[in-house]
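Chemist: Construct the entire structure; sequences and hints are all you get.
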Amino acid sequence: MHPDSARKQNGLLIRAFHYFCWVNVFVSFACFGESKEWPFYPPQAVEPPQVQSSGRVQNGVDAFLLAKLEDQELSYSPKAPRETLIRRLYFDLIGLPPSPDKIETFVNNGDPDAYKALVDSLLDDPRHGERWAKFWLDLARYADTAGYEGDPDLPHAWRYRDYVIDSINRDKPYDQFIKEQIAGDEFNAVMGAGELPQPKPEHMVAMTFLRLAPFTEPRGDETRHEMLSEMTSTVGSVFLGLTVGCAKCHDHKYDRIPTRDFYRMKAFFNTVQLMPPERGDAFQIGGSLPAAFYRKGESEWAEAKRKEIRSDTQRFEALKTRLELRAPAQKEQDENVSEASDDEFDFESWILSSTNRSITSEERLQYVRLKHKKDFAAQQLKRLAPQSMSLRHSFGPPYEPGVPVSRVMIRGEYDSPGEVVLAGFPSCITGHQKPAEIRLDPFKRWPTRSRRMTLANWIASDKNPMTARVIVNRLWMHHFGRGLVETPSDFGALSGGVSHQRLLDWLALKLVKENWSLKAIHRLIVHSSAYQQSSTQFTSRCLELDPDNRLLGRFSRRRLEAEAIRDSILHVSGRLNPEMYGLPIFPALPDGIEDSVKYSRSKWAT
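Residue numbers (the numbering used here): -10 to 595.
It should be emphasised that the hints constitute simulated quantities derived from the structure, not laboratory data.
In silico lysine-lysine, DSS-like type, Cα no more than 25 Å apart, as pairs: (1) K508 with K68; (2) K105 with K502; (3) K68 with K91.
The following label-pair restraints were derived from C-beta to C-beta distances: (4) E552 with N504: 23 to 33 Å; (5) A103 with E215: 48 to 58 Å; (6) G209 with G563: 51 to 61 Å; (7) N504 with N97: 31 to 41 Å.
All C-beta atoms, glycine included, are put in the ideal place defined by N, C-alpha and C.
Modeler: Here is the structure:
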């Protein structure tokens, strides 16, 4: 084909593709009004259907699943052997294998309630919190370091990890779990009071959820914009199952989420202050009071450290002056400088290879020692500084002038502000773009409070159609290997839809009815006959009609996660440390990987 013809044809294809995309966007946004589709309307209460295989029905889960199977003239596979069931429960609920004695006891136990008793004992096991905290910490972006090339330590991140484990073990209601992580500092607020109420330390630790993204030191508007955008995207995907982050730069290409909605939701976080470090090192808080009570002592401690470094610097400068005075005047400085292999100025090489014999070896050694001590301490301060960054609330008068203005950022760029927006909820759920009603302080003393709590209350409301559906779908996915909605953080147009809509709605309503108890949903799922099916004994017709096992006519085989494999190996060999909670462990770095203190001198290989 002639090049000109090829270019013309490519141009036509590109225009056709753009037209197709915009038609989809237009259709998606044509009916904002009150028109909603699943899952944007509330779950509908329905009774579990009647089925022919009633003998296999343990609870509503089986009724809904069998109804769909029977529509295809299919049924459940046989029940798995008891040896398989106990191993399945152990790995699912606590992430460790049962001992041979426990397997034998369970297999030989003729009590019809033995299975339910085993489920209860595993849900009460403290290791259940450790097992299921892993899945939540993955959603929360948990790590003990901050990421990027410096990857500084986060010395208090483990407190959030312990908070999650403890919350799961105590079966904390999921709605409360949400509120604590989004607005823990606004709990028990007394509007108009002379002083801000001090939140519980547990609630302050819970807010680490908002702060666990990879980050660098705040360097201005760009960093703030990116961090608040990341909070908005994470809250949307984790709690609501909506990819709101896709609307940061442009209207969502597939879901009814305009860019304006992204920044309306981001406005809830606009009163958050990303404070620069106020200390040079991490202060290990050992008490039970909020961190604010320790701030004065931390500042004094950090200032003492800086004085120590300044003192060393003064000694270094004095010694440097002596060295310069004793050097022969006729020598040019560049004659004493040896070229470093990495093209950097290497002060140590200059001192150690100096041809100036009037400087004693002891003085040269002292000079190098002091310089290295000063440089190391200064680098440590710089390296550890990001550890002290935290979320703090912009309190408003008398501390701050008020609520920052929220704007749409054109193309998602921090320096391209557009129209002003007010805090509001996603219109694909509410059906409108009205601002949220934020309960403000009538005395106007704390005008910026309650914004995140307003968002948290709306997300955790039993009237929100998304929240309960999203979390029960996540639990289902970890038990069966696949969610009723296959993309647990995206319930939108690209999710592929829901395989059992009435079942998911029934489970969501059950969660709310059970006071948002996640353990109640665990029991429902693992008590079902669907969960107890064999993964090896099934009919060829079942495999032919449902090769992907979307109808759940058999139990799907699943790979064990790396963490569970590691823990199992250590457990059966007697080498697993059962101690819970506490500080993380940082293994030694392999040879050739430098500490971040030295990154300024490293050459990154590509």
